[in-house]
Amino acid sequence: MHQFQGRYLSWEAKAGVIEVALHREPCNEIGLLALEELEKLSGSLDGLARESDALIVHSTLNSGFCAGADLRELYFRSKEMEKARAVSGVRDFLERMHKVLNTIDAAPLTTIAAVHGVTFGGGFELALVCDLIIADKMARFCFPELRLGLVPGFGGIPRLKRDLGNGVVRDLLLTGRSFNATKAQAVGLVSQVVAEGEALRVARATAAQLGKFDRRTAIAAKKFIKPIPYHELKQEIDLFCQLFVEPAVEAGLRKFVESTDALPYLP
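For the sequence shown, the working numbering gives the first residue as 1, with consecutive numbering after it.
Source of the hints: derived by calculation from the structure; they are not laboratory data. Note that this is a predicted model, so its numbers are computed, not measured. Errors might be hidden in some of the hints.
[Stated by the list, open to error] For lysine-lysine, the following BS3-like pairs were computed, each having C-alpha atoms within a straight-line distance of at most 30 angstroms:
(1) Lys79 - Lys234
(2) Lys14 - Lys183
(3) Lys137 - Lys222
(4) Lys234 - Lys161
(5) Lys137 - Lys226
(6) Lys40 - Lys255
(7) Lys223 - Lys40
(8) Lys79 - Lys161
(9) Lys212 - Lys222
(10) Lys161 - Lys222
(11) Lys234 - Lys255
(12) Lys212 - Lys234
(13) Lys212 - Lys83
(14) Lys14 - Lys83
(15) Lys161 - Lys14
(16) Lys183 - Lys40
(17) Lys222 - Lys83
(18) Lys14 - Lys212
(19) Lys183 - Lys226
(20) Lys83 - Lys183
(21) Lys183 - Lys137
(22) Lys223 - Lys161
(23) Lys234 - Lys223
(24) Lys234 - Lys14
(25) Lys222 - Lys14
(26) Lys223 - Lys183
(27) Lys14 - Lys40
(28) Lys234 - Lys40
(29) Lys255 - Lys226
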């Protein structure tokens, strides 16, 4: 399948590049619909990769790249069932999400996240599975989960530890504060900072350059320098599910859902 048009995302493969566009208002929150369409993408990657050198993920929305997990959906679904069933449902969701993100992480392609604006929580984790992050100068990165009594659940902790120093990881996870694009580049999170609105254009130019190199070399190099921390990823799911039953989480989710702020996920 060289192209797909969904309600959450779309993709098209041409000229050796797969472009994945996120386009679900208000800010590409990741719920069941997003997961199902991301699973379609990951299931198609083997076939797409045979004729492609690179993959770009970007958002068509002005609000940003992705605000993270759909917390309203999580809250209302958990309220509809007893605790044990709710935790089981959360674990199933996380395990499916990890499988998708691990597939993208290990894909035999060079993957690029072209981000702008809000890149928070699960959206930040989606960007982290990509080999390169190209950010416009208005991008902001944050793990706000601490305010909900949770930790990131889509693989953020192990991937940050893989890619960055532990001091930076602790800063993001324990304070919940956001990094702007300049700070993100300074700590090694972002490979390029570009002018506002230019991330996708620069990502496309980068992808075109990658097509000039020997693909087998790129694949071998990626396997060597980008191991996937499977054991720690499993531990993260266990920790998330352990914390999910705490009263602080229900209170934090309720506060988020009842907020009248236009963008309640902002710090």
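Here is what the structure says about each hint:
Between Lys79 and Lys234, the direct Cα distance comes to roughly 25 angstroms. Compliance with the 30 angstroms bound is thereby established for this hinted pair. Straight-line distance between C-alpha atoms of Lys14 and Lys183 comes to about 34 angstroms, which puts the hinted pair past the 30 angstroms bound. Our distance criterion of 30 angstroms between C-alpha atoms is met by Lys137 and Lys222, whose separation comes to about 27 angstroms. Taking the CA atoms of Lys234 and Lys161, the gap is near 15 angstroms; set against the 30 angstroms cutoff, the hint holds.
Among the hinted pairs, Lys137 with Lys226 is consistent with the structure: their alpha-carbon atoms are about 26 angstroms apart, no more than 30 angstroms. Pair hint Lys40 plus Lys255 does not hold up; C-alpha atoms about 33 angstroms apart against a cutoff of 30 angstroms. A C-alpha spacing of about 24 angstroms is found between Lys223 and Lys40, which places the hinted pair at or below 30 angstroms, so the restraint holds. Simply put, Lys79 and Lys161 have alpha-carbon atoms about 33 angstroms apart, too far for the 30 angstroms limit, and the pair is violated.
Under the criterion of a C-alpha separation no larger than 30 angstroms, the hint pairing Lys212 with Lys222 is consistent with the structure, at around 17 angstroms. At roughly 17 angstroms between alpha-carbon atoms, Lys161 and Lys222 fall within 30 angstroms of each other, so this suggested pair holds. Under the criterion of a C-alpha separation no larger than 30 angstroms, the hint pairing Lys234 with Lys255 is consistent with the structure, at around 29 angstroms. Between the alpha carbons of Lys212 and Lys234 the distance comes to roughly 37 angstroms, so the proposed pair goes past 30 angstroms and is violated.
With a C-alpha separation of about 53 angstroms, the suggested pairing of Lys212 with Lys83 is violated against the 30 angstroms cut-off. About 46 angstroms separates the Cα atoms of Lys14 and Lys83, which puts this hinted pair outside 30 angstroms; it is violated. For the proposed pair Lys161 and Lys14, the alpha carbon gap of about 34 angstroms is over 30 angstroms, so the pair is violated. Proximity of Lys183 to Lys40 is assessed by CA-CA distance (about 34 angstroms); at most 30 angstroms being required, the pair is judged violated.
A C-alpha spacing of about 41 angstroms is found between Lys222 and Lys83, which places the hinted pair above 30 angstroms, so the restraint is violated. With a CA separation close to 15 angstroms, the supplied pair Lys14 and Lys212 stays within the 30 angstroms bound. Distance hint between Lys183 and Lys226 is fulfilled; the C-alpha atoms sit about 23 angstroms from each other, no more than 30 angstroms. Simply put, Lys83 and Lys183 have alpha-carbon atoms about 40 angstroms apart, too far for the 30 angstroms limit, and the pair is violated.
Proposed proximity of Lys183 and Lys137 is supported: the alpha carbons are some 10 angstroms apart, at most 30 angstroms. Taking the CA atoms of Lys223 and Lys161, the gap is near 17 angstroms; set against the 30 angstroms cutoff, the hint holds. A threshold of 30 angstroms between alpha carbons decides the hint, and for Lys234 with Lys223 the separation of about 20 angstroms falls inside it, so the pair holds. A hinted pair counts as satisfied when its Cα atoms are at most 30 angstroms apart, and Lys234 with Lys14 does not qualify at roughly 35 angstroms.
Of the pairs offered as hints, the one joining Lys222 and Lys14 holds, with about 22 angstroms between alpha carbons and a cut-off of 30 angstroms not exceeded. This hinted pair checks out: Lys223 and Lys183 have alpha carbons roughly 28 angstroms apart, not beyond 30 angstroms. Under the criterion of a C-alpha separation no larger than 30 angstroms, the hint pairing Lys14 with Lys40 is consistent with the structure, at around 18 angstroms. This hinted pair checks out: Lys234 and Lys40 have alpha carbons roughly 23 angstroms apart, not beyond 30 angstroms.
Between Lys255 and Lys226 the alpha-carbon distance is near 38 angstroms, which puts this suggested pair outside the 30 angstroms criterion.
When each numbered hint is compared with the structure, violations occur for hints 2, 6, 8, 12, 13, 14, 15, 16, 17, 20, 24 and 29.
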